[in-house]
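From first to last, the protein sequence lines stand for chains A and B. First residue of the first sequence? That's 3 in the numbering used here, and the numbers climb one at a time after it. First residue of the second sequence? That's 3 in the numbering used here, and the numbers climb one at a time after it.
Source of the hints: derived by calculation from the structure; they are not laboratory data. What you are looking at is a predicted structure, and each value in this text was computed from that prediction instead of being measured. Among the clues, some could well be false.
Note that identical chains are pooled: a pair holds if it fits in a single copy or bridges any two copies.
DSS-like cross-link-like pairs, simulated, lysine-lysine; straight-line CA separation at most 25 Å [to be verified]: (1) LYS506 with LYS255; (2) LYS402 with LYS419; (3) LYS477 with LYS53; (4) LYS477 with LYS446.
What follows is each chain in one-letter form.
There are 2 protein chains.
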Amino acid sequence: MKIKIFDSTLRDGAQGEGISFSVTDKLKIVEVLDNLGIHYIESGNPGSNEKDRLFFEEVRKKPLKNARLVAFGSTRRKGIEVSRDDNVLALLEAGTGVVCIFGKSWDLHVEKILRTTLEENLEMIGDTVAFFKDKGKEVVFDAEHFFDGYQANPAYALRTLAAASGAGADVLVLCDTNGGTYPTDLQRIVAEVKKTTATELGIHVHDDMGLAVANSLLAVDEGVTHVQGTFTGFGERCGNANLSAVIPGLQLKRGHEVLEEDQLKNLTHGAREINNIANIPLANQLPYVGRSAFSHKGGMHIDGVAKVARSFEHIPPEEVGNRRRYLMSEMSGKTSIFSIIQRVDPSLERNSETSGKILEKLKALEKEGYQFEGAESSFELVIRKFLGLHDPAFEIEYFKTIDESTTAALSASSIIKIRVKGQEEITAAQGNGPVNAMDLALRKALLKFYPCLDRMKLKDYKVRVLDGDNTTAAKVRVLIESTNGEETWGTVGVSTNIMEASLKALVDSIEYNLLKEIG
Amino acid sequence: MKIKIFDSTLRDGAQGEGISFSVTDKLKIVEVLDNLGIHYIESGNPGSNEKDRLFFEEVRKKPLKNARLVAFGSTRRKGIEVSRDDNVLALLEAGTGVVCIFGKSWDLHVEKILRTTLEENLEMIGDTVAFFKDKGKEVVFDAEHFFDGYQANPAYALRTLAAASGAGADVLVLCDTNGGTYPTDLQRIVAEVKKTTATELGIHVHDDMGLAVANSLLAVDEGVTHVQGTFTGFGERCGNANLSAVIPGLQLKRGHEVLEEDQLKNLTHGAREINNIANIPLANQLPYVGRSAFSHKGGMHIDGVAKVARSFEHIPPEEVGNRRRYLMSEMSGKTSIFSIIQRVDPSLERNSETSGKILEKLKALEKEGYQFEGAESSFELVIRKFLGLHDPAFEIEYFKTIDESTTAALSASSIIKIRVKGQEEITAAQGNGPVNAMDLALRKALLKFYPCLDRMKLKDYKVRVLDGDNTTAAKVRVLIESTNGEETWGTVGVSTNIMEASLKALVDSIEYNLLKEIG
């Protein structure tokens, strides 16, 4: 069956603890999801905050390849005409082809939370759906708390669906908003609803019992063809259904049509990109896409996998773009790495000794905490150095940064001494903080030798603390994105010392720029 | 129905990436699980490693209150008499009342991995079970890869169960070892097996599809009464069924008898203790026991919960010993903030002028880049300061951090001068980086005045670079999570200078600790 995936990372996912997306983050995530082939991207609630309004203005500027963009909002408020409701109007202004309207389907919520009558709630649903259908929108109706509502008052819950479909809703989404529905109850209720309507059904589940993925799959078994969730399970409380587990479950285990085969191979990469943008580490244990998902530790298991892979692997990891790891004896071979090797030296064979040694070097750096996803320029420099092709444009002979604070004021300053082709240069700078002071001092010293660096700007600077248990003594990984206005490149540095990690990433970034500008 | 829980944190859980238990760790975890009322504690494989043999010697010295201890091992090897098999003898020597024997039930494994005949495998199962029954043991038989085996060759898979039950096995455990079984398939297969045997059935599922909890619940619906898993989901690849989600699911949602009510109220505490011992942070999103499991962020949700708790909570958090939290963010409304205001001063009215001013203060701080989500303790201190209720435990009069690098080496050091009740203390420390050096120096100076700080530890340290095109000059937000072993609290600091932001968060964290410890 063809199943449509509706991703709400940017809307329901943003309700997750510790998640806060900037407009730029949101635009980047839209691009990742669109490339993955996700069908609907629910990306904000323009009625609830200014930032989302701004985002919708921006996102319209760039057409999507695969996905349809969705704005989210509630039914009109009680006692107000739909065309005069600010939130409804804000939703319309977002200018998306699809809107998702949520309405109450649990009588408790109507009476105790909304504090209106059961009848007016039905009108609110009908009016709002009809309003957007009249404007030519595709309308997804999220029946909030549907399963709790159905268990409390099945007749009323069904009437809320009928109000939406009667007004022209394209999809009726049954929501387990509190995540408390038992799988067998959910299965039965979906089957019962299916008998009452010809409108397409969707499912939206939260993970409060650890059942969100299972309940989504079970709903599809009962005829649901639209599945909502968030890409890596972000969301309020315990999160939403994790789509990076739902998608391969439906496609690889039940043969449903969800993504193209090539897109499915990007699943792992996409999940990592999204979590990088959100600055939330991807859990190692995550099904399909986690770093440990195909990692074997037990000796008998490693032995078994080496004999027959499927003896201890439920799918081949390549199908979702992940890879097998043996935790005792790491071994690998990877197309993406080889493509960078070939960029540096096209004559290198994939199975050559040199390629093997570069792979070993990569493994060793990864063990130290390096990560070259998003920092391919640093990896290219690693290869150049390894092959003896790198001629450093400068050397740092000395640096010192000082942070000093009295009760009155605080200052950060940096002294740096570099050597360029036999010539020394020493200079100093003050900055907003020690990293900034160091950055300014280094550029100041270099500009004398390389005026082209004037065009180079830092675009993004990210810090990730590795293995949280050592806290302030833990390693940090600094990712820098730089641009010369045309091209953008990423570099990385790792150290227990944040200054040193920043300096490494900064030096790589400048080296890479000089390599491109002056060879 | 009475359901018996079989915890394998110490055996299958130890196969998880990054998990390594010492003998002391294992003894501590046995105590935690026993107090929780877990029925079986599978605690090692004495045949596979020396450490487990040592552990069994130790654990025998202290009788358990609730649980039965289990040792785990395989069936005898092919071509050897059971009473001469070293692993079988090691298992016997462990001296537990219960043994868990795993055997192959998938013909592929018998022929390609074990490389023996289907008939000999049946004899290996029968011989081994009979051997332990003869010694008076309770025998649990783990039918490894049962579901894959049943799908490939149902008749043979059933014969392996019959071999075990024929030899006297007390429980037949159906294992989804690779975690790849679809819930509806699993349900059907359990129902089919149930018809073929009168012996008690168990279930053991891995989480490779994100279905381990659901599949465990579904198996119980089909008549299984023994459930295996690991307490917080540790295990190879994506982990085992997370018992801290399985137990309340069965008990609170289906009314099965699992734990005593009091024991269930210790669920959250137990989960945290186990992860503390394993030194693995407990995921915030974990169902029932995670820090975010009952945390509300959306304004409408917070208002809803305040009106009727069950409107957005599937169970009362107290039933599993967790608690409700209102997160503070651009999406949350006044209720969450007011709950913290009331914690500081219960006499303050929601609509009072003072409450209004505190809200304004919060908004101003959020504009500066503060985020109090996960850092409620900092917000509590903001309120205390605002109300004049805060008496600082110390003041920082001066601090200086120096990072210095020559081509040879790099060093970070910090000097700090504090004042406590008129007394000054100046000291210095070196660290792995400037933040670590500062942290060490500050604690060193304070310990003299506040020895209770000895128990306080940093649990997590996170850096987020805030938006803006200034990159290294941008503001950074530092979030710190601290613990005294029992309680965990979060604080925040913001500045363009990462050292200052860290210091602010650190100072708040210490102040909050002292407030709770000495008032």
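Now for the hints, and whether the structure bears them out:
For the identical chains of this complex, LYS506 and LYS255 are neighbours neither inside a copy (44 Å) nor across copies (51 Å), given an alpha-carbon limit of 25 Å. Both within a single protomer and between protomers do LYS402 and LYS419 lie at most 25 Å apart by alpha-carbon distance, with minima of 9 Å and 22 Å respectively. Taking the shortest Cα distances, LYS477 and LYS53 sit within 25 Å of each other only across copies (19 Å), while inside one copy they are farther apart (34 Å). Proximity of LYS477 to LYS446 under the C-alpha cut-off of 25 Å is restricted to the inter-copy arrangement: shortest distance 22 Å between copies versus 28 Å within a copy.
Going down the numbered hints, you'll see the structure goes against just number 1.
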